[in-house]
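Student: Grab the two chains, each in its own frame, and use the hints to assemble them into the complex.
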Amino acid sequence: MATLSAAWMYQDRGLGPVDYSDDFITRKPNFNRFQTSFLGSFPTGILQTRFRLNNLLRRTSSVRRIKCEKNDELPEYVSVERPPYYSYFDSASGQLEPASGARASIPGEEYWPEGTASRVRAARAPEPTGESTGSPSYGKHPGSRRKKYKASVRARSSEVSVESSASLEPEVSEDATEDPKESSSEYVVYETESKAEGETEYELDKKLGRPHPFIDPKVRKPIEEPLSSEELWWNWRKSDKEQWSRWQRRRPDVETVFLKAMAETGQIKLYGEHPTLTETALYRARRHLFKEERLKAEQERLERIGPIAYYSEWVKAWKRDTSREAIQKHYEETVWGGDPVYPTVNYIQDPDEVIDYRGPDFHEPTPNMLDYLKEHGKVISREELEEILAKEKTEEVEMTDMDEAMAQAVDIGEKDEEGEDSDLDADADDEEEKITRNWSVLKSTPQLQKSKAKPKKDGPMSLEEAVDDSENLTDFLLDFDEED
Amino acid sequence: MAISVPLHQPTYSFFSNPQEQWKWCAKPSYSFSNNSQNNIRPIKASVETPPFPLFQNPKLEETPADGLEPADPDFYKIGYVRSMRAYGVEFKEGPDGFGVFASKDIEPRRRARLVMQIPLELMLTIRQKLPWMFFPDIVPLGHPIFDIINSTDPETDWDLRLACLLLYAFDQDDNFWQLYGDFLPNADECTSLLLATEEDLMELQDPNLASTMREQQKRAREFWEKNWHSGVPLKIKRLAHDPERFIWAVSIAQSRCINMQVRIGALVQDANMLIPYADMLNHSFQPNCFFHWRFKDRMLEVMVNAGQHVRRGEEMTVNYMHGQMNDMLMQRYGFSSPVNPWNVIQFSGDARIHLDSFLSVFNISGLPEEYYHNSKISSDEESFIDGAVIAAARTLPTWSDGDVPLVPSIERKAVKELQEECRQMLAEFPTTSKQDQKMLDSMKEPRRTLEAAIKYRLHRKLFIDKVTKALDIYQDRILF
Chain A
2 MATLSAAWMY QDRGLGPVDY SDDFITRKPN FNRFQTSFLG SFPTGILQTR FRLNNLLRRT
62 SSVRRIKCEK NDELPEYVSV ERPPYYSYFD SASGQLEPAS GARASIPGEE YWPEGTASRV
122 RAARAPEPTG ESTGSPSYGK HPGSRRKKYK ASVRARSSEV SVESSASLEP EVSEDATEDP
182 KESSSEYVVY ETESKAEGET EYELDKKLGR PHPFIDPKVR KPIEEPLSSE ELWWNWRKSD
242 KEQWSRWQRR RPDVETVFLK AMAETGQIKL YGEHPTLTET ALYRARRHLF KEERLKAEQE
302 RLERIGPIAY YSEWVKAWKR DTSREAIQKH YEETVWGGDP VYPTVNYIQD PDEVIDYRGP
362 DFHEPTPNML DYLKEHGKVI SREELEEILA KEKTEEVEMT DMDEAMAQAV DIGEKDEEGE
422 DSDLDADADD EEEKITRNWS VLKSTPQLQK SKAKPKKDGP MSLEEAVDDS ENLTDFLLDF
482 DEED
Chain B
1404 MAISVPLHQP TYSFFSNPQE QWKWCAKPSY SFSNNSQNNI RPIKASVETP PFPLFQNPKL
1464 EETPADGLEP ADPDFYKIGY VRSMRAYGVE FKEGPDGFGV FASKDIEPRR RARLVMQIPL
1524 ELMLTIRQKL PWMFFPDIVP LGHPIFDIIN STDPETDWDL RLACLLLYAF DQDDNFWQLY
1584 GDFLPNADEC TSLLLATEED LMELQDPNLA STMREQQKRA REFWEKNWHS GVPLKIKRLA
1644 HDPERFIWAV SIAQSRCINM QVRIGALVQD ANMLIPYADM LNHSFQPNCF FHWRFKDRML
1704 EVMVNAGQHV RRGEEMTVNY MHGQMNDMLM QRYGFSSPVN PWNVIQFSGD ARIHLDSFLS
1764 VFNISGLPEE YYHNSKISSD EESFIDGAVI AAARTLPTWS DGDVPLVPSI ERKAVKELQE
1824 ECRQMLAEFP TTSKQDQKML DSMKEPRRTL EAAIKYRLHR KLFIDKVTKA LDIYQDRILF
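Taken in order, these protein sequences are the chains called A and B. Throughout the first sequence, residue numbering follows our numbering, covering 2 to 485 in sequence. Throughout the second sequence, residue numbering follows our numbering, covering 1404 to 1883 in sequence.
Hints in this document: simulated from the structure, not taken from any laboratory. C-beta atoms are modelled at their ideal positions from N, C-alpha and C, and glycine is treated no differently. Be aware that a few hints might be false.
To be verified - Calculated from the model, a selection of chain A residues having no Cβ within reach of chain B, i.e. all distances over 10 Å:
1. Lys270
2. Arg321
3. Ile356
Stated by the list, open to error - In silico DSBU-like links for lysine-lysine, alpha-carbon gap of 35 Å or less:
4. Lys1858/B / Lys141/A
5. Lys1629/B / Lys141/A
6. Lys1621/B / Lys1837/B
7. Lys1837/B / Lys149/A
8. Lys149/A / Lys1507/B
9. Lys1621/B / Lys141/A
10. Lys149/A / Lys1640/B
Pulled out of the complex, with its shape left as it was, chain B reads as follows (with noise of 0.2 Å):
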């Protein structure tokens, strides 16, 4: 068994005493292993057993995301003990922070498969309509935290609502979000642009992008200048003694936002809701799991997708914008991807392919709102297509015209005009992909919010990158 551990091993470190059982989730960085190598481990009474043989394995099949630990305790606790349950996950922590991992293997089913259940007392609900109608009802009668919600414009202004509901669940004895707001992010851990600084904005180098987050910096931050002056009475005011609190409350509020349809009683409503463990799943494009509203007794249900199979440790992922760019998601909820199918780039000029030989040389099918690739019919090839794939099949500008078929040239040419185009627009950025992946790397703890918009420039270029690539390929493959 090998013993030592090398100093910049990413995952996965080995002890030298087999008797220690300790997870089979890996253990953290260097110098957590280092620490605990230097201690003397104590010999657990339970520990006979050989060692657990998947630790011996290297190989284990994790996510990518290293340094999982195990959440608090008292995470999971505080919920149980409110009748929220948690059946074949758990929730786990890494530098990116929580996520919900799946601890056995679930077997592709028929139906979906319930896996967490979190009751209607434990969130906060707000319903996107006039009248403001709160589930579960913790806003009092007279309290001015409700004339403040009243003021708030019904169309638009959902984060402010559930930002003020937030705040006052945080002061309220008793609520569940005292014990819950513990596990939230901080001003310092949150990406949302919403925290950003002028300089992480300019970072982002996308000028439209950069003037909604200031212009909702500003709207979030009038509001509390309206609504927290001096002279409101101290109910109010401890709420949010400080912009910052409130500008960190509105950020969570719109990151964290489910909005669902719901039937509570006789009345079906769109509600913005903040469910506390359902929002520690991750996004995902090809999500796991989804979400749903058992009537009967007021429970949120995530279920796993039917014919779903899961692996033990793989992430449960939802999907939270469908549809979207990624500056879209950027903006709701401070992070990028670089394989989101949905990202657009705007192409000028008239340069078109075909579109049915692009698909058919990636391999991919379905209409196109719901592009996929197709595995089944191609085995090789795996690593290349993902989302940015599908996207460029989305976003590139092509032509198809029943049976006509393509004419190689113009292909060619229209072809390498695209990729021009592709190159120009690579140039307008101040800076390389190479250069921005480099300077997150040299990085050492980094601001959220600036390795956000790092992140997210650098998968703008990724996939403006990979479109040329695609192109690159589809030439090669262009059939005459």
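Only chain A is shown next, with the shape it has when bound in the complex (with noise of 0.2 Å):
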């Protein structure tokens, strides 16, 4: 029951209660038959809307109100998404029906994608009845169907305005439009159907619902004799004439394509009509053959009359002798060469020559790589290495001190800390060389910087120890801004 009053909240959504009073009202008879076989079902909560329920039954029964009352007894809407229902009882038709589904009826305006509104409005709109008495005169007469309200035109076609003003204007509100239709008898006319001539007692039929034949009997046409086996559509058979796809013809194939046409010119004369697979391969072979000894031809042509003359056709600027005689005078005169394709004789080759490509020193000894590469700088020798790597690290240490422009400056507070700076000592030296190799985190803890700059500093130095404590004399210069 509590789905029967959520379905009809579901779908009377846009109505007031009227229609609970009309649906409370109706059903009554049926609505004892559910409460009953429903009991055992309902869960506890739910027991509460069923006296609501009865509360607007017992009052609705007793007063039978068309008006809306705002009713604040509503329960809640279910939400439209997941109906926990898959079907329900539908309270415009009564009966049984899914929550969604191709039965289930269609959604109201609100679930509409857009546009379908006014395009509905659009369909709805109700068709303007009414007939004129003028005809359109397709752009001849401009003006000609306005009502012009001279007299003299008015008094003339006085009868013709009445009955036209007494036709129907267009009306599209929603007012009932009345339809007085004119006619000249005083006696009572109903409307007949606009097409009453035009239907036909089968048309008749079948719109009032009565038993009726599936086809006209006018439009029937007697049934004649069954299409033989070459006319049915399904048919097996080839016909000859017409296949009934494209996809069913010959594919083309270059070589079965010719033979067709040679057997057609009489060329040659094949078993059938269509060329076979021996008949097609035979005729590759010959071919293959026929090009063989063409292109012999060709060369022994080419041989014996010499490539101007064989190239004559295509050097149509040649007109002259082109026997080999000719062209030997015509060589030695000038410095012109004898073959036009290939003008020189350096670019004749010889398809099998093999070409050694060993260069000029190719007979020298394998040279020693190691001295080889020593000599060229790549490679240095492990006592070399250290050495670099030691003045590598010495290096390092004097940079963190130059680094720091703390370290120059004078701190009285540093003489006092000294004692304790040179405990750290040994550990700063051991934090430096792992400092060392991550210069990045050395710069970026100053405290480090600092914890190792001071020890460095001893109070004011001497020339003599600044000097071999300096790399060079760039450490003098006392512009530490740029460094960090």
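Tutor: So, in structure tokens, the structure goes:
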């Protein structure tokens, strides 16, 4: 019953309790039945709604009000997305209706996609009724169908205007349209259907729902003889004239096409209409051989008559004698070459030649790689490497010194801390080694730098100590701003 | 139920047969009702209900225009078939032409309400600038009408282009305008001054406007002569066999053109559009409706202003041109209005009145561009204040200097001077407004243009009159 009430609420969202009263009243006999049948399945929480519904029932059954009242007792609406039920009793039809699916009723306007409402309204707008007395002039007489309010015209056409104004104005409003069709008789004239003459009794029957044959007997044609197997569309026999699809034709292949063409012209004779595989293979072999033969003949001709004569078709500019002697004479007289295709001798290559790419110092022995690399500075000895590393290490230490601006500053408090710092010296050295490897760490942690820098400064140095300590004279430059 | 009909009662006729179920709209004038009384009314089958209550009550809140009849049913039908729709309005015809009236009450809503929608296929549209694009594209590729359209000046000749297009549409089969053209005012009914004769232009009593109209007429006629000379192919020649037809088309194009910025496809363009049913809307300075272009399905929507309460039978109106004087309205559309809030009088001289006190006397509030009568402040004096008083507020020479108060004597002197000027202006006219009114009343079936011209000068004089009266009232109410 809760589902019932929820369903009612769900369905009748747009309507007031008007329908509630109707539904309650009409369904009252059903209600008791369903109450008993569903009673067992109710959770307790819903009993309250039942009571409320009972109250409603009692109220509406006692006083048949059609007016709506503000009803505070409406239970909450079920959310639209997922109804907790698969079917319910539709309030509109009273039948069991699925919550979703093809048999569910069409949702209301709130759920329509945009634009649908206006299209529906345009489609629902009633068609204008009413007959016009004038007829269009198709551009010849503009203004011919306006009512001209000249007294003479009006007096003349007063009957006409009476009838035309009597006919319906295409009112699109919801007012009831009255239809005073003018008729000259005094008797009551019932409006008959406009298509009364056009409708046969078959159509009338169909419209009125009376039993009627499937096909209009006037339109029906008598059953003729069945089609022959040739005419049937599912016939398996191949028709000579027409294939029912172009896919059924023969696939063209170069060889078959040419064979068929040659057979049609009479050059060769085929066994049947279309060339077979054997014929096609034979054709292919013959073609290959002919090609080879032809190529050989051409080569031979080239050798025989010489290049100029051979290519003279293509070289239109040479109109003189093309024989070998003439060419030889011409060649001697000028610096001009013999073969237009291969103009110089050097171009002629032996296809079987094996070319030797070995260079001029090919016979040199393999050199000593190590000496070679050492010579060019690509490799150094281990001792040199250690030397360099050692130098780098000491250099590192000096650099940290110079980075720190604070290191140069004279700090009074430093002498007190020297004792502690000397203890830290040993540690600091170890740490320095570590830190030199992580240069970024060194740079980003200023306290590390400071702790290193301080023990290094043992008060004011003598000049010799300072010179020994420094890497070069640039250390004495006191401009430290750029360094950090 | 009152029965008989006095002969000259303009509006309402009552029928002896209470079973008569005419529409709620009133019946036209006397001759009609005479006829109807003579005929025997047939008894309708559907009519057994008591007489329609509105019908018994003579006080219908209808528009002042009498004699409104529903338009020909085909008028709406030809549009309906081509998916034009009208919701809650109907088209009526009166002695002054077509109008669109509400057929039911419309409550004031927050959203503007759709009243009519007209699809693009029914319109005739040309883009205002080069390249000319026509929507719908009815001009075929090699047709000589396109050469004619091409030869027009892009800046100024929009009405000639539209006229050519209109005439071509009349000639094209299956074009909607072949059917709709029957409902356009023909040369006799069109009030545009392009069709006015010299006599009508003289009646204007406005030499500037008359000369402008003469120029326009000359321009239209020259265009016709240039492009419809005897050597043109028949395709062109049959569009306008005589210059009158062409000038009529130009007048229709000028008076019914709607210039809108529309977006079609990806292109936003200013277009001159001739839109079938929307051009039957009349003009008002306090309009009900406005036009909106719906890009999605290319429809023009006529929408009622948001928050506008429309009663049944009220006329739907649009503001044609904002902020223009009567002479512009006359030149373009062929009508004028006595309550144009943008009317201007050229005052010479130094007399000025205090703006703030003038506005407060008449309870006009708002910025100078948008003066309106604030009826919340005052309940009386409603009948006097109309657009003309607002125009007076705009056009009278005024001074306003912060908090400086007015000096009553100086004000009075200024008012007297201004009134003197108005009187002089009125005296310069050959006729007085009373004479004009009498002339209008006495003329039986005047030519439309003549009527419009006389109305124009009448409105002008009425306006000056009204300014004078307003100055009087102001003078009375100067607080000191």
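Student: All the hints need checking, so say for each whether the structure fits it.
Tutor: Each hint, compared with the structure:
no.	hint	in the structure
1	Lys270	holds (58 Å)
2	Arg321	holds (61 Å)
3	Ile356	holds (67 Å)
4	Lys1858/B / Lys141/A	holds (31 Å)
5	Lys1629/B / Lys141/A	holds (23 Å)
6	Lys1621/B / Lys1837/B	holds (33 Å)
7	Lys1837/B / Lys149/A	holds (28 Å)
8	Lys149/A / Lys1507/B	holds (27 Å)
9	Lys1621/B / Lys141/A	holds (25 Å)
10	Lys149/A / Lys1640/B	holds (29 Å)
Against the hints set out earlier in the document, no violation occurs for any number.
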